[in-house]
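A.B. asks: Below, each chain spelled out in residue letters.
Protein chains: 2
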Amino acid sequence: MQQDLYFFGGGKAEGRGDMKDVLGGKGAGLAEMTNAGIPVPPGFTIATGVCLEFQKEGGQTPKRVTESQVTYLARLEELMGKKLGQADDPLLVSVRSGAKFSMPGMMDTILNLGLNDESVHGLAKKTENPRFAWDCYRRFIQMFANVVLNLDKDIFEEVLEELKKARGVESDTDLTEEDLTGLVDTYKQIVNDHAGQSFPQDPSVQLAMARDAVFSSWNNPRAIYYRKQNKIPDDLGTAVNVQVMVYGNMGDDCATGVGFTRNPATGEKEFYGEYLVNAQGEDVVAGTRTPQPIAGLEQAMPEVYRELREITTRLENHYRDVQDFEFTIEQNKLYLLQTRSGKRTGTAAVRIAVEMVHEGLIDKAEAVLRVPAEDLNQLLHPRVDPAKRPTALATGLPASPGAASGHAVFLADDAFKQAEAGKPVILIRAETNPDDIHGMDAAEGIITSRGGMTSHAAVVARGMGKPCVAGCGSMRVDAKAKQCSVGDTTVSEGDWVTIDGSTGELMVGRADLIEPEIGGEFGVFMKWTDEFRKMGVRANADLPRDAEKAQSFGAEGIGLCRTEHMFFGEDRIRIVRDMILSAGEFKNLEIELNAAKSDLKSRVGAEKVRVEERLEKIKEAIKEPSEKYLGSLSKLLPLQREDFKGVLKSMAGFPVTIRTLDPPMHEFLPSAQELSVEIAVAEERGESSPELDDKKALLSRVEHLHEQNPMLGHRGCRLGVTFPEITAMQAQAIIEAACELKQEGHDVFPEIMIPLVGTHKELENQRHVVDQVAKRTMEQRGVEVDYLVGTMIEIPRAAITADEVAQSAQFFSFGTNDLTQMTLGFSRDDVAHFLPEYIKKGILKEDPFISIDQIGVGDLMRVAVKRGRSVNEKLKIGICGEHGGDPESVFFCHRLGLQYVSCSPFRVPIARLAAAQAALMARKPAEVSAMA
Amino acid sequence: MQQDLYFFGGGKAEGRGDMKDVLGGKGAGLAEMTNAGIPVPPGFTIATGVCLEFQKEGGQTPKRVTESQVTYLARLEELMGKKLGQADDPLLVSVRSGAKFSMPGMMDTILNLGLNDESVHGLAKKTENPRFAWDCYRRFIQMFANVVLNLDKDIFEEVLEELKKARGVESDTDLTEEDLTGLVDTYKQIVNDHAGQSFPQDPSVQLAMARDAVFSSWNNPRAIYYRKQNKIPDDLGTAVNVQVMVYGNMGDDCATGVGFTRNPATGEKEFYGEYLVNAQGEDVVAGTRTPQPIAGLEQAMPEVYRELREITTRLENHYRDVQDFEFTIEQNKLYLLQTRSGKRTGTAAVRIAVEMVHEGLIDKAEAVLRVPAEDLNQLLHPRVDPAKRPTALATGLPASPGAASGHAVFLADDAFKQAEAGKPVILIRAETNPDDIHGMDAAEGIITSRGGMTSHAAVVARGMGKPCVAGCGSMRVDAKAKQCSVGDTTVSEGDWVTIDGSTGELMVGRADLIEPEIGGEFGVFMKWTDEFRKMGVRANADLPRDAEKAQSFGAEGIGLCRTEHMFFGEDRIRIVRDMILSAGEFKNLEIELNAAKSDLKSRVGAEKVRVEERLEKIKEAIKEPSEKYLGSLSKLLPLQREDFKGVLKSMAGFPVTIRTLDPPMHEFLPSAQELSVEIAVAEERGESSPELDDKKALLSRVEHLHEQNPMLGHRGCRLGVTFPEITAMQAQAIIEAACELKQEGHDVFPEIMIPLVGTHKELENQRHVVDQVAKRTMEQRGVEVDYLVGTMIEIPRAAITADEVAQSAQFFSFGTNDLTQMTLGFSRDDVAHFLPEYIKKGILKEDPFISIDQIGVGDLMRVAVKRGRSVNEKLKIGICGEHGGDPESVFFCHRLGLQYVSCSPFRVPIARLAAAQAALMARKPAEVSAMA
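Chains as they are written, first to last, in full-length UniProt numbering: chain A, 1 to 932; chain B, 1 to 932.
Derived by calculation from the structure, the hints in this document are not laboratory data. Certain hints may be false.
Unchecked claim - Only part of the chain A face toward chain B is listed, based on derived beta-carbon distances under 7 Å:
1) L675
2) V677
3) N709
4) M711
5) I800
6) T823
7) L824
8) F826
9) H833
10) F834
11) G858
Note that beta-carbon positions come from the ideal geometry of N, C-alpha and C, so glycine has one too.
Modelling step: build the complete structure from the supplied sequences, incorporating the hints.
C.D. replies: Right, here's the structure in full:
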């Protein structure tokens with residue numbers, strides 16, 4: 001026969017910790033703790049099956065249960081030596097729901113059950129605090145009326161508010177015992193008036209009604225909704241837990257407190273916590289009295305202290321994790337009210353995991369699974385001392401983690417100059433562009449009012465490992481006036497400001513920063529992760545110093561080296577601009593030339609002569625810019641060769657994936673708007689000069705090259721296909737660099753990556769250019785270089801046609817930034833206009849630029865892997881979008897079977913840990929749920 | 001035993017027309033014609049199998065074939081009464097390849113085989129044209145040397161050029177008989193010197209060598225490449241056709257000509273063609289002599305004429321299609337050299353198809369399959385008289401079909417004014433924007449220097465059915481100076497220009513235009529298409545007049561009514577701007593409000609007070625713009641209601657799909673660049689006024705709303721989700737319009753379409769708004785309206801997650817313009833920078849904005865249909881991208897199982913025909929190949 005009730009108390013429980021089906025999560029936990037000898041307040045659990053019968057019977061608890069309950073209550077009363085609701089020393093209980101799966105706040109709870117017009121006096125006497133007793137009683141009436149009798153809470157709240165107004169007080173706590181006594185009368189009257197019955201004084205009636213109310217709450221609308229959302233079956237039912245209430249405020253032999261078995265901030269193995277004598281749990285939390293460090297309890301109640309230490313140590317050993325516990329001492333008797341795994345900082349998590357392995361408490365695999373990968377972030381960046389955190393003036397996007405303080409500056413040049421002079425500065429801009437690089441490099445941190453998580457500022461700052469807040473929309477920046485404002489608050493140049501790139505906050509003033517401390521445990525821990533992970537971890541790095549930083553963090557190569565960032569140096573941008581301008585012109589003429597040539601075919605006589613003349617003129621015109629253009633390219637070649645030598649050398653022994661030129665041309669050009677204004681003003685002044693004419697010509701070219709949607713425009717391999725000379729120059733620079741390094745004795749493995757491929761023919765075309773140049777260069781240099789040619793998979797069509805693309809690719813690298821942009825139709829630079837609202841309204845669960853949209857983008861990735869490998873079983877596939885550093889995305893990549901992930905240097909440890917966890921989760925299904 | 005040789009001639013052939021495997025395509029055709037009693041020059045075919053043996057034997061023709069060949073040649077000589085290469089009246093033959101599948105120009109051909117030092121005299125005598133005979137001989141030597149002996153053609157060409165230079169003549173035809181005789185000697189010497197053998201004088205040796213050369217040419221590199229490209233198997237081999245040469249230039253009893261069995265321009269059933277007495281085929285084509293109308297032949301050679309008419313009629317009946325034939329009369333004997341289906345204009349195609357059905361020659365299904373759908377375009381737009389076509393000055397994209405002439409104007413206002421004054425004008429712009437609508441409407445045609453096939457100008461012009469050339473990059477437009485230039489040619493305001501939107505050409509001057517003539521056959525034909533097609537055809541139309549035009553073309557509803565075009569009217573754009581500007585401001589404040597509210601929670605004491613004060617200020621600030629914003633919306637409501645009444649009424653009885661607001665906000669705003677210039681100039685002048693301040697404020701808002709990639713920005717349902725009031729207003733206007741029309745007795749079926757959905761939650765959100773408003777409105781009006789709510793499928797993610805999206809959608813409509821943009825990562829406004837080169841380089845076969853990219857975009861469509869119908873088997877799915885009017889895309893949509901296509905009004909007949917063809921092709925697989 002099925003058992004309906006399960007007792008726990010007196011060191012023994014009828015249930016067990018693995019009986020969640022029957023006892024619900026809370027009931028099973030109470031049984032487990034009781035059996036482990038932990039002194040939890042005793043009680044009994046009514047099984048989930050009873051709830052189902054209750055529902056089936058249309059809201060009737062079976063008679064046999066009601067009868068058993070009398071026996072169980074008697075047993076509890078006997079154990080406690082008190083009777084429910086008796087007048088002098090009343091037994092009071094809580095009645096709580098507890099389903100198999102946690103449904104926080106969805107169902108009902110009733111506290112202090114057993115209070116009535118008589119027992120309230122007993123509670124007052126025992127606690128020597130009549131005010132407390134009457135407050136408990138009026139709260140109990142309100143809770144009971146609301147939960148059991150379905151009265152509106154507001155009726156009671158209104159009465160309470162009126163009373164406070166009448167007494168001229170602000171807070172509930174300012175009401176006197178007399179006020180509360182009167183309030184109890186009023187509340188009872190309200191119940192009488194609205195519920196059609198009086199408030200039940202019989203504690204056993206209270207208990208029966210409360211139990212049934214909890215059973216009913218299984219089917220309240222919010223519980224049903226919650227189950228639907230969380231895919232919890234409707235036919236589980238909830239258990240009901242009836243548990244003795246204990247009080248820490250019954251005199252000086254009472255106390256209450258909270259604690260941790262290890263320091264949750266540092267991870268140090270120390271008994272850590274606070275307590276208050278003669279107090280309730282609320283008092284510890286509310287801050288009305290200052291709690292004592294738990295060490296004080298050793299003097300005050302040495303016996304109890306020893307018992308607490310012994311018990312909590314047992315708890316930690318039992319659960320094999322740091323415990324965060326609440327306790328109450330009622331008349332020298334210790335009760336543990338709650339215990340759970342303790343939340344901890346990243347630093348603490350690592351230290352605890354490592355020490356627990358050394359103590360033999362857990363194994364390495366479990367240690368690795370214990371530390372949330374994202375939490376390592378805290379170990380890698382400075383942060384604001386939480387104890388002295390200034391108020392946030394405004395909040396933007398947390399674009400690059402870490403905190404920084406400095407003097408506000410509004411121009412890159414100012415940032416550069418002041419930093420040179422030794423002043424720490426924060427660069428504040430509406431948005432940044434390549435011209436600002438030197439200022440960004442000089443600043444401690446960057447904040448912009450526009451742009452998203454992958455705006456220029458964000459990407460560059462993350463690459464530099466520098467704090468950045470982006471898209472801080474409520475901040476208005478006036479660079480001319482060298483100030484910015486949020487509401488009425490104005491920040492002028494030189495003012496101290498602090499930004500927190502981990503939270504997106506802007507603060508006025510200088511904050512105390514805590515520098516990252518990477519202790520010895522961190523190194524040990526990271527080594528363990530490498531024992532488990534299956535995927536390689538590379539870094540996205542453009543410069544040797546970034547590559548070195550990445551390697552120090554354990555990167556095993558570079559997954560993305562963006563060559564365009566190399567073009568932005570002061571000395572180069574001019575050459576690049578020259579190249580683009582003349583190339584564009586040259587290209588345009590070439591199109592005209594071809595048009596004229598084809599026109600010529602269909603012409604005779606005088607017309608033919610006319611077209612021929614035109615053809616000659618075009619040919620003449622082409623000559624000069626063409627040379628200018630090729631000249632620019634040849635000026636870039638030696639510079640690029642040195643760039644690549646630097647990066648390849650700093651990652652010698654590992655593969656380095658170098659992407660050919662990717663961004664739209666106009667990113668290298670001045671702004672049309674600014675040029676127009678300069679020209680209009682000069683004309684208004686009546687100026688006229690060759691420079692002005694040049695400016696006008698420049699404007700005309702810039703406007704010609706202007707694109708409505710540059711992200712979907714003439715960029716990526718489209719540049720390489722239309723200007724093969726650029727790809728050829730870059731390939732030559734890469735192979736020359738590799739040849740020279742090999743001759744110097746370095747092992748180098750360049751992987752040349754073609755961006756923005758949408759059709760296999762683009763890749764074929766570009767690979768042909770690269771292979772031709774490589775062959776010629778290696779022959780000239782007499783050196784063989786192991787190089788690969790592969791492609792980004794970042795356009796949906798490339799994913800869909802991966803079987804075609806794979807025929808020319810030696811590797812795939814998912815560019816999930818662009819793939820997300822195109823699959824979702826989201827411009828990452830512009831999402832700030834609607835994404836925050838989308839997340840607020842629940843349309844998206846999270847920013848898809850941070851964590852891969854597994855259903856949409858992920859489906860294309862799955863298709864690409866399947867189709868790509870259908871052609872080339874061993875195709876090397878990785879990811880170099882910024883998602884490569886996001887733990888959830890790393891798990892997903894592992895499930896897809898990728899060979900590596902690549903992320904910004906500062907996220908390499910996170911990716912290593914996530915990769916290890918992904919491998920372990922695949923290995924140990926049981927531990928997956930432990931992680932969740 | 002397998003037969004190696006097949007004779008044809010004397011009214012009988014050993015082979016048959018269905019023996020392409022054995023005889024190759026050409027050989028089978030010759031056999032078929034011979035058996036049908038058509039007098040083709042006789043000959044024999046050496047089977048494809050021999051070619052395979054030849055290859056296997058390493059280039060040896062089997063002995064048994066060589067032996068049979070002697071017999072067959074003898075039979076041919078007997079039939080013709082001449083011997084190969086005999087001195088006085090020589091038999092001459094051609095030797096040609098002919099594989100199962102046509103491989104034009106890939107393999108070798110030799111003409112006039114049998115000529116040698118003796119027979120050349122015979123030919124001279126018979127043709128009474130020694131110059132011709134010697135020219136044939138020297139060409140034969142050159143061809144033989146090149147094809148059979150592998151000598152370089154250039155060696156001979158150089159000698160020829162030198163000779164012409166020496167003689168001081170320009171053309172080959174200016175060389176005399178003596179020149180040619182000398183040239184033959186030189187050519188023979190060249191063969192001696194370079195081939196290591198003398199030119200073979202023995203005709204049977206010539207024949208054997210030529211045959212083997214043709215067999216060898218099956219494996220020449222260009223044939224192999226061609227087969228690879230066209231997926232033709234390598235193991236088929238080619239046949240060799242040896243056929244008697246006939247001459248139309250042997251005297252006045254000889255002639256040559258070409259003809260059609262019906263007029264290919266008009267389709268009229270008349271014997272149509274030209275001929276020349278005593279001439280070669282070349283003479284007819286080259287235009288050196290003026291050919292006579294074929295009717296003249298009736299007088300000149302009545303017998304032969306009658307035979308020709310009889311034979312060609314037989315040919316038409318045999319092939320059941322218009323025949324385009326070539327004939328030669330050699331000494332009163334008629335030979336048909338070639339016959340094939342005749343190319344015809346769209347007009348002719350329709351007339352011929354209809355008349356052939358009436359004649360009982362073909363059935364309706366075949367008639368429908370016979371007319372290429374795209375060719376109907378010619379019936380629907382004016383075109384330039386091809387006889388008097390001006391030279392093209394420049395060529396852009398053929399953005400909207402039809403031709404137009406008018407006076408050049410450069411500003412929309414000028415276009416409007418001059419058109420009002422009765423002058424036809426062509427509007428020339430760098431690009432158009434919504435402010436230009438009135439000018440575009442007034443112009444005969446539009447040409448722009450920027451933008452692609454789906455730029456504003458292109459889309460609007462197609463909607464208006466007006467010719468448009470877009471992206472004419474070589475044209476530079478200077479609107480200020482009211483002129484444009486291409487190279488040195490400048491067009492000023494008032495100059496006559498002509499544009500051809502079907503070819504993309506810009507011409508200087510006024511052209512003669514041929515107006516479309518839609519005869520009675522066209523109507524009959526279109527009715528037949530409706531008998532076969534399975535898919536509905538709707539039109540994309542925003543205005544009642546477009547809807548009416550569409551209906552007159554047979555549209556069965558509107559598949560896309562864009563509401564934003566309704567916003568661009570002079571009176572409305574101001575209201576819309578007001579709305580956007582205040583809405584944006586309001587929205588910004590709301591975000592700040594929420595930030596402040598959430599900030600408040602974590603603050604206490606003085607800080608809390610500060611945040612509270614801020615909160616109050618924001619609340620205060622929100623009030624005013626919010627009212628302004630809602631005020632603008634309520635001003636738009638009645639205007640929109642009237643818009644919708646117009647469109648719904650004009651399509652009464654049919655469904656009308658109305659899309660909620662789609663474009664990015666900034667499309668309604670002035671340009672930041674222009675505003676900056678105005679402000680800078682005003683400031684330079686020292687001006688200061690409230691208007692200037694307003695302008696500055698406007699600039700700041702415009703810049704705030706600026707987006708890097710508006711196509712992927714805050715648009716589509718993202719507007720509706722963030723500003724639900726806009727969707728609500730539009731839904732209300734639609735339902736109110738429908739209610740009023742129903743009360744007036746009209747049947748209306750509005751389908752409300754939510755654009756740019758990427759996640760099912762967006763659709764849920766918007767559908768909820770629409771349904772709420774619809775319910776309320778219908779209750780208020782007391783009318784029930786049958787309305788649907790569905791979504792565009794235009795974001796890759798929507799296609800991928802169609803099973804989720806379909807749960808809230810009552811219909812899907814593929815927005816293949818945007819779907820193409822995002823799947824390929826192509827901004828349609830910017831592709832002009834690289835797409836032409838992509839097509840030139842073969843990276844793409846065609847513009848994916850014209851014909852659906854079936855491999856990439858099509859795969860997503862397939863996924864969407866499958867997943868959408870997995871949830872809702874009967875889900876209505878259509879397409880409203882511009883591909884809906886492209887025949888190939890219509891075929892594809894039929895194969896996907898869509899219920900309807902929707903296209904611009906002027907393409908409705910094309911879509912109807914294509915839909916019928918798609919249904920027929922699915923039904924009759926044999927006829928699919930007939931179409932190809």
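A.B. asks: Now tell me if each hint is right for this structure.
C.D. replies: Going down the list of hints, with the structure as the test:
1. At a threshold of 7 Å, the smallest CB-CB gap from L675/A to chain B is about 9 Å, leaving the interface hint violated.
2. The restraint placing V677/A at the interface with chain B holds, with a minimum CB-CB distance near 4 Å, inside the 7 Å limit.
3. Interface restraint check for N709/A: the shortest CB-CB distance to chain B comes to about 4 Å, inside 7 Å, so the restraint holds.
4. Given the 7 Å rule on beta carbons, the hint for M711/A holds: about 4 Å separates it from the nearest Cβ of chain B.
5. Hint on I800/A holds. Least Cβ distance to chain B is approximately 5 Å, under the 7 Å limit.
6. With a cut of 7 Å, the hint placing T823/A at the interface with chain B holds, because the nearest CB-to-CB distance is about 5 Å.
7. Given hint, L824/A at the interface with chain B, holds; its Cβ is 5 Å from that chain's nearest Cβ, closer than 7 Å.
8. With 7 Å as the threshold, the beta carbon of F826/A comes within range of chain B, its nearest partner Cβ sitting at about 6 Å, so the hint holds.
9. At a threshold of 7 Å, the smallest CB-CB gap from H833/A to chain B is about 4 Å, leaving the interface hint in force.
10. For F834/A, the interface hint holds, the least distance from its beta-carbon to any beta-carbon of chain B being 5 Å, beneath 7 Å.
11. With 7 Å as the threshold, the beta carbon of G858/A stays out of range of chain B, its nearest partner Cβ sitting at about 9 Å, so the hint is violated.
Hints 1 and 11 from the list above are not met by this structure, while the remaining hints are.
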